[in-house]
Amino acid sequence: MNFVLSTPTTALTLAAETFSHYAPLGVLLLMAIGFGVGNLILTSIIGPSRQGETKGIVYESGMDPITSSRRRFNVRFYMVAMTFLIFDVEIVFLYPWAVTFPSLGGTEGDALAPLFVARMLFFLLTSIIAFAYAWRKGVFRYD
Amino acid sequence: MSPQFVISLITIVLIVHVMLLATSYLIMLERKTCAWIQDRIGPNRTGFSFGVLPLKFHFWGLGQPLADGIKMFLKEDYTPPFVERALFLLAPVLVIVPALIGWAVIPWGGYYASEGFTWWAWLPFLGGQTVAPFTVAVTGAPLSIGVIYMLAIGSLAVYGVVVGGYGSANKYAFLGGLRATAQMLSYEIPQGLSVLIIILMMGTATTDVIAVQQSLGDWNIWYQPLLAFIFFTCILAECNRAPFDIAEAEQELVAGYHVEYSSMKFALFFLGEYLHMITGSAFFVLLFLGGWSANPIPGVADLPIVGGLGIVLLKFAIFAGKVTFLVFAMMWIRWTLPRLRFDQLMKLAWRAMIPIALVLLLATGVVIYLDASFWILTAVNAIVFIGAAYLYPKLPSDDGNRRVPLAGSRFSPLLPADGN
Chain V
1 MNFVLSTPTT ALTLAAETFS HYAPLGVLLL MAIGFGVGNL ILTSIIGPSR QGETKGIVYE
61 SGMDPITSSR RRFNVRFYMV AMTFLIFDVE IVFLYPWAVT FPSLGGTEGD ALAPLFVARM
121 LFFLLTSIIA FAYAWRKGVF RYD
Chain C
1 MSPQFVISLI TIVLIVHVML LATSYLIMLE RKTCAWIQDR IGPNRTGFSF GVLPLKFHFW
61 GLGQPLADGI KMFLKEDYTP PFVERALFLL APVLVIVPAL IGWAVIPWGG YYASEGFTWW
121 AWLPFLGGQT VAPFTVAVTG APLSIGVIYM LAIGSLAVYG VVVGGYGSAN KYAFLGGLRA
181 TAQMLSYEIP QGLSVLIIIL MMGTATTDVI AVQQSLGDWN IWYQPLLAFI FFTCILAECN
241 RAPFDIAEAE QELVAGYHVE YSSMKFALFF LGEYLHMITG SAFFVLLFLG GWSANPIPGV
301 ADLPIVGGLG IVLLKFAIFA GKVTFLVFAM MWIRWTLPRL RFDQLMKLAW RAMIPIALVL
361 LLATGVVIYL DASFWILTAV NAIVFIGAAY LYPKLPSDDG NRRVPLAGSR FSPLLPADGN
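Here the protein sequences line up with chains V and C, keeping their order.
So the first sequence is numbered by my numbering: it starts at 1 and just counts up by one.
So the second sequence is numbered by my numbering: it starts at 1 and just counts up by one.
Derived from the structure by calculation, the hints contain no laboratory data.
Cβ coordinates follow ideal geometry from the N, Cα and C atoms, glycine included.
The reader is advised that the hints may include incorrect statements.
Some chain V residues near chain C, calculated using beta-carbon distances under 7 Å [what the hints assert, rightly or not]:
1. 26
2. 39
3. 46
4. 69
5. 87
6. 98
7. 102
Which residues of chain C face chain V? A few of them, derived with a C-beta cut under 8 Å, are [claimed, not checked]:
8. 73
9. 75
10. 81
11. 96
12. 140
13. 159
14. 178
15. 188
16. 264
17. 351
18. 358
Could you put the whole structure together from the sequences, leaning on the hints where they help?
Now the structure itself:
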């Protein structure tokens with residue numbers, strides 16, 4: 001096998017993104033849905049099917065079910081979801097910055113780069129303060 | 001019909017089949033790995049004779065996945081009367097669809113260059129037509145948002161678990177679904193931060209360019225070893241794999257969110273988990289292990305970026321080899337480490353991995369701004385690791401898993417356990 005020396009800087013830039021870049025994803029999505037739904041239909045046709053009084057009881061390790069499964073649950077799951085939302089939205093806002101920032105940082109005398117880094121540090125700082133506040137308030141206590 | 005579209009379609013159709021076949025054999029590899037670790041032999045009897053053909057040879061048990069698949073289809077597909085029927089039926093599809101489409105942007109074969117050719121004259125429609133020289137990316141979809149696409153599709157997996165757990169109307173399933181949701185949400189943040197740092201280093205979110213920039217041994221794992229560890233841990237948690245499988249902790253929750261599922265509906269959950277393992281490993285290989293790059297030593301010769309069919313297949317083999325090793329490592333971890341308790345699991349995400357990833361993000365941003373060598377990041381990783389290990393015991397701690405002073409409780413300091 002011929003191992004040719006090549007430089008990573010010669011990264012190819014393909015033609016501008018067109019419909020044909022996204023169209024295969026649609027085909028893949030159709031295949032995936034077809035696989036899932038097809039399996040559901042096939043298995044309901046092929047296998048045996050019998051009903052029974054005892055068979056229709058909720059499985060609770062052989063005990064008679066005590067109460068409904070629609071019950072209140074611990075509030076900490078709600079707190080996790082709220083905290084997740086804050087941080088995930090923050091990360092989403094950072095992606096465009098991450099893509100454009102390296103091309104700004106390298107050039108000398110570019111006034112945008114220090115501005116970008118300062119703004120992002122401030123943005124991260126606000127979320128770090130929020131994180132520390134949540135920590136002190138006991139959001140991350142899972143005992 | 002641009003050449004890129006045709007190559008993408010061929011890649012997708014081929015890889016879907018490769019993945020589904022690989023998944024069925026990964027289940028067997030899991031059983032074999034488990035057996036080796038526990039000093040057993042594992043499945044070695046099921047061949048291809050099906051009890052009909054007079055074959056004495058057992059093919060090392062390679063017929064096992066086929067037998068399992070047939071069994072899954074022939075089992076009764078039971079929908080209990082108390083479930084939310086629509087949600088119950090929707091959940092397996094919601095699990096399998098993200099698992100099957102997440103890998104679409106993985107650059108399996110780098111770039112393929114053709115010098116142009118003429119179709120054979122006897123072909124209908126195409127016969128005699130000439131195709132101009134072209135260069136295409138051998139991937140399902142060469143998107144500029146590639147990495148973010150993978151992350152987005154990966155987070156869709158949580159819906160299958162939630163819907164399955166809620167729709168089953170079973171307490172085990174509901175608790176399993178809740179736990180799995182909390183876990184997957186929590187570990188998505190450090191995973192997203194890791195991806196963000198890699199995008200920051202590479203300056204692009206296009207998957208094939210990320211692979212190219214890591215060729216010649218510039219693997220990101222050399223610059224961000226701690227981050228690679230965090231990311232791999234997140235993958236384990238996102239797949240609900242041990243030691244993070246409290247969602248289906250057998251001793252407490254029987255099977256977690258799929259306790260009421262049977263037959264092929266259960267198999268779809270199972271397949272989804274293994275497909276997530278492959279996709280997660282491929283994501284890790286792409287971001288940290290150089291994709292198709294053959295040489296881990298910086299500055300040494302590597303495979304050419306653009307190549308013919310032979311180079312493309314070789315790159316695919318290297319990529320698949322790395323993915324297989326990582327999947328094997330996941331199984332190895334599963335049968336080696338004990339399961340984490342729920343509070344330990346959540347603390348690991350929120351109190352350890354997220355602060356560390358935030359610090360690494362800040363440090364990486366500053367290093368990129370100063371235009372310094374990436375090797376400084378290795379030192380930064382080491383400093384952050386030592387600093388975290390030094391600081392963590394000094395942080396204010398609340399005693400986890402407190403013994404609740406309840407009268408009659410086994411842990412009670414108030415009364416003896418059996419006292420009245």
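Going down the list of hints, with the structure as the test:
For the restraint placing residue 26 of chain V at the interface with chain C, the shortest Cβ-Cβ distance is roughly 10 Å, beyond the 7 Å limit, so the hint is violated. Interface hint status for residue 39 of chain V: upheld, as the beta-carbon distance to the closest one in chain C is roughly 5 Å, under 7 Å. Taking 7 Å as the C-beta cut-off, the interface hint given for residue 46 of chain V holds, the closest approach to chain C being about 5 Å. Hint on residue 69 of chain V holds. Least Cβ distance to chain C is approximately 5 Å, under the 7 Å limit.
Nearest Cβ of chain C to the Cβ of residue 87 of chain V: about 5 Å, under the 7 Å cut. The hint holds. A least Cβ separation of about 4 Å between residue 98 of chain V and chain C falls short of the 7 Å threshold, and the interface hint therefore holds. A hinted interface residue such as residue 102 of chain V counts as satisfied when its beta carbon comes closer than 7 Å to some beta carbon of chain C; here the least separation is about 4 Å, so the hint holds. Hint status for residue 73 of chain C relative to chain V: holds, with the closest Cβ pair at about 5 Å, below 8 Å.
A cut of 8 Å between beta carbons decides the hint on residue 75 of chain C: the least distance to chain V is about 6 Å, and the hint holds. A distance limit of 8 Å between C-beta atoms decides the matter here; for residue 81 of chain C the minimum to chain V is near 5 Å, and the interface restraint holds. With a least beta-carbon distance of about 4 Å to chain V, the hint placing residue 96 of chain C at the interface is held under the 8 Å criterion. A cut of 8 Å between beta carbons decides the hint on residue 140 of chain C: the least distance to chain V is about 6 Å, and the hint holds.
The criterion of a C-beta within 8 Å of any C-beta in chain V is not met by residue 159 of chain C, whose closest approach is roughly 13 Å, and the hint is violated. The restraint placing residue 178 of chain C at the interface with chain V holds, with a minimum CB-CB distance near 5 Å, inside the 8 Å limit. With 8 Å as the threshold, the beta carbon of residue 188 of chain C comes within range of chain V, its nearest partner Cβ sitting at about 7 Å, so the hint holds. A cut of 8 Å between beta carbons decides the hint on residue 264 of chain C: the least distance to chain V is about 3 Å, and the hint holds.
Annotation: residue 351 of chain C was flagged as interfacial toward chain V, and the flag holds, the nearest CB pair being 6 Å apart, inside 8 Å. Given hint, residue 358 of chain C at the interface with chain V, holds; its Cβ is 6 Å from that chain's nearest Cβ, closer than 8 Å.
Hint violations for this structure: numbers 1, 13, all remaining hints satisfied.
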